[in-house]
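Novice: Protein chains in written order, with the numbering used here: chain V, -6 to 263; chain X, 1488 to 2162.
Simulated from the structure, these hints should not be mistaken for laboratory data. By construction, the Cβ of each residue, glycine as well, lies at the ideal position given by its N, Cα and C atoms. One or more of the hints may lead you astray.
Now the in silico label distances, taken between C-beta atoms and shown as ranges [what the hints assert, rightly or not]: (1) X/Thr1893 with V/Gly63: 16 to 26 Å; (2) X/Arg1535 with V/Gly63: 25 to 35 Å; (3) X/Leu1554 with V/Gly63: 28 to 38 Å; (4) V/Asn195 with X/Ala1548: 21 to 31 Å; (5) V/Arg105 with X/Thr1893: 21 to 31 Å; (6) X/Thr1869 with V/Glu47: 16 to 26 Å; (7) V/Glu7 with X/Thr2132: 38 to 48 Å; (8) X/Glu1927 with V/Phe13: 52 to 62 Å; (9) V/Phe13 with X/Arg1886: 57 to 67 Å; (10) V/Ser177 with X/Glu2070: 47 to 57 Å; (11) X/Arg1564 with V/Cys234: 51 to 61 Å; (12) V/Ser177 with X/Glu1903: 53 to 63 Å; (13) V/Glu7 with X/Gly1741: 51 to 61 Å.
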Amino acid sequence: MHAVVLLKQILDWELPPRKFRIDQETKRPPDGLAPALLGPFEQNALELAIQLKETGVVERVTALLAGPPGAADALRKALAVRCDDAVHIVVEAPDLHDPSQTAELLLAAIRRLEPPELVLAGRQAGDWDHGQVGHLVAERLRWPVLGLVWQVERIDGRLLAWRSGVYGSEQFAVRLPAVMTVTSHSSLRLRMGNVMDLMAANRKPITTWTPEELGLGPEELAAAGRLELADVWVPEVERHCELIEAEDPAEAVAALLDRLEELKLLKRPA
Amino acid sequence: MNDVLAAEATREVQWEVTTAMVVVMYASMGIALLVFGYGIWRLFRVWRLGRRAAVWNRLGARLRRMLAAIAQATVLRRRLPGFMHALIFYGWWVLLGATCVVFIDHDLGLRIMQGAFYLVFQSLIVDLFGALVLLGLGIAFYRRYVMRPQQLEHREPADALLLGSILLIVLTGFALEGIRIAATDDPWANWSPIGAVTSLSLGRLANDAALTRAYPWFWLTHLLLWHVLLAALPFTKFVHVFTSPLNVFFSDPGPAKGVVEPTDFTAEAVRLGINAPADMTWRQLFSLDACTECGRCEAVCPAHAAGKPLSPKRVILDLRDGIRAAGANAGPLAGGVIAPEALWACTTCRACEEVCPVAIEHVPLIVGMRQNLAMEQAAVPTRVGEMVANLEAREHPFRGASSGRTDWMEGLPVQELDSIEEAGDLDVVYWIGCAAAFDERAQQIARALVSVLLHAGVRFAVLASKERCTGDPARRTGNEYHYDLLARSNVETLEGAGVTRILTHCPHCLQQLRHEYRAFGGRYEVVHHSEFVSSLIEQGRVRLAPGARERVTFHDPCYLGRYNDVFEAPRRILDVLPTERVEMPRSRSESFCCGAGGGHAFYEDDDGGEKISGIRAREAAATGATTVVTGCPFCLTMLESGARTLTAEQGPPLRARDFVELVADALDSKGSGPA
């Protein structure tokens, strides 16, 4: 069985919030603000794909990514943890504002690959948090989709998937082909990979396609879009810090409660 | 005088010994030599499994180190066991010398065993040194079987047999002398005081005829025991009489210490650390056979003291025994023969190497096995993996840092360096390191040092966002591939900017920039801020205001002291500040690690045990000091964390500070600028 894992690089999420900026022209953070890294949920999806390969549930894993040239780093990482192939749809911007367009690009590439039976995606990109791409790809493929998956096993010939549900963990039997979006879990922390694989990954070829090669020129891509980002800004957060001075903890607590009551943030029973 | 040192003075060799006994003795000696040779050949076969090693450079330094070790200088660093060993060692050589004299006189027919030489050396000196061996053996027995220090390796019955056979050889030697004196009425008996006393006792026990009959049997026993010892030598730790001095000669003569051997990632067959004997150099394999099992390494190991599953002694002995048993097929060594928990517990503090009397290098073996765990097996503790991922993604090891690399210098008049040429006349380039960039507490060190530099009128610049981690935490945790990338990038940046003189407050960066970047073409003059500030003070460029005296103790960072031999500079600074400096029991080259080294600042080993930092903080508090001063941002974090674990009974609250913070506090603001 062939599985495709959808990847995306996002701006380093450890960038201190006060350093975060938006370029009003591109409606994106300016280039070079912080390194671009493989998103955390995509790391989980990649780890799950590799685990499925190790346990023999899938035979081949292809990592697929739509992003700027530099995003090839994420694909190298995927190859370093033993993905079999890597495909890069080279777009100039870090991402497309409309998840429908992203899904259309990925779908076009998936259709060119050896037909997969399983597509894994992160539950949401860690930057825009739309959480749509995996579902949109499933819709276009007319495949079932299971969200927030954190474990998949083949038991007695059936594929069983565990997902985080409203009331706890849920287990589903899944009929293939299917799309799954993957959530974070301690068992899905992306492995380090050994150095021989890391070095081999640097020598492995990455297939690159342009949107045009996938039949999605600017016009087709625009036609696939449904949403337009009208505006984006960093909300202003005002902070006011007040230190409560006191001799001992008991006095400090009493003073803090008084102050919170004064600010009408707390009301003590009479 | 002529009567006293009579020219005819001598004794008969092989007195009353039958020809048959002589034949038995020589036959036994032949067998012993064969067994000995076989044993050495077996060891040699193991040593040959190793890779090439350079051991002939810096010959003078190597010889000096070896001679010092032979003169017992390294052994005598621990008083009682050192004294014990020196007695047995020196005594044994004199007794061996006496045996050689007999051989030359009797077997080679060169009559040297007579006259003054016979009386002074062969009788008096040999007698006295024989007694010293007995004293040494007495201490050894007492220590091993009564005191029983925990660090001492116990292998029974081998230990008892080794000590016992030496004891019996000496006792039978004295018995032989005593019998001969008693039975022959030796006119020069007084030159052999112990022999003379023995003869008196023996004379009471038996008559001359009985003693004469017993003599050849004592003689045969004496020599057969010798042969047993000789044959057993290569099969027991006693082989150290040969391997230890040679190991000191072969060991790294410095001056740089603890430099990790780079890996050639362009090689066709890349060797990823140590997992089999063939991954080790022959020198490393040889060093395993130099171990005397004294356990000093274990006694000073901070991880062992904190109850972690590491004993440097066990690492050496388990490797030795594992490789001796399975030869080339021994392994896997990393994570097999040596448990991964033991390897990850090491702080690379080098206390074990510093104390080892035979110059075994434990840390390169441990780091070598970590390299295999990290690079080949991809089996590292979770936090180490996260740290490496952080280095890969962000070029610094601090996960979840809330600062940017240049935040620490906000509001400070610090010049950013593009190139030395453009910067003009600079005294030094200040390398900040990741700790002071990303750790809020350590940022205060950089700010304090900058205030001292500005006060003293030092012309300096920083690389700011062009700096990246030196790679030290990657290298010490065995992630050499990631280290290699970082080191090459940094050397490229430094070379590109034309940097030649670097100042740093981080001993880990110091070790990298001063020593370890040389393998990547980076040759710089690098100074630690203790050396730099100390020289500024000596030049009168720092004006200090008087202040209230504070009792302080200095914690020697491992990478500053043991790795780089900087012990006095920080103390000189403390001594001109309004401080009363007291020393902890373990200081300077015997300093006890804070627990951060070897990448431990970024991961906790969850094998239980105590926190190393807590032990050190207790030691600091016990001096009565209110501040423990150090010169390393990682030690500072650790000591602060250790100080928080102190209870009220363990002393008053303890602060941890970098010495430059004390200097900055004491600056005379009225006199800012060069004095």
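Novice: A separate judgement is required for each hint: does it hold in the structure or not?
Specialist: Evaluated hints:
1. In this structure, X/Thr1893 and V/Gly63 meet the distance hint of 16 to 26 Å, their C-beta atoms being roughly 23 Å apart.
2. Taken as a hint, the range 25 to 35 Å is violated for the pair X/Arg1535 and V/Gly63, whose Cβ atoms sit roughly 50 Å apart.
3. Remark: the range hint 28 to 38 Å for X/Leu1554 to V/Gly63 is contradicted by a beta-carbon distance near 59 Å.
4. At roughly 41 Å, the beta carbons of V/Asn195 and X/Ala1548 sit outside the given window of 21 to 31 Å.
5. Evaluation of the 21 to 31 Å hint for V/Arg105 and X/Thr1893 yields a failure: the beta carbon distance comes to about 45 Å.
6. Judged by the Cβ atoms, the range 16 to 26 Å given for X/Thr1869 and V/Glu47 holds: they are separated by roughly 19 Å.
7. Remark: the range hint 38 to 48 Å for V/Glu7 to X/Thr2132 is contradicted by a beta-carbon distance near 29 Å.
8. For the hinted restraint 52 to 62 Å between X/Glu1927 and V/Phe13, the CB-CB distance of approximately 19 Å leaves it violated.
9. Look at V/Phe13 against X/Arg1886: about 19 Å separates their beta carbons, and that is not inside 57 to 67 Å.
10. Take V/Ser177 and X/Glu2070: their Cβ atoms lie about 50 Å apart, and the range 47 to 57 Å holds.
11. Between X/Arg1564 and V/Cys234 the CB atoms are about 55 Å apart, so this pair conforms to the stated range of 51 to 61 Å.
12. Checked against the hint of 53 to 63 Å, the pair V/Ser177 and X/Glu1903 fails, with Cβ atoms roughly 39 Å apart.
13. For V/Glu7 and X/Gly1741, the hinted distance range of 51 to 61 Å is not satisfied, since their beta carbons lie about 40 Å from each other.
The structure fails to meet hints 2, 3, 4, 5, 7, 8, 9, 12, 13 from the earlier list, while all remaining hints are met.
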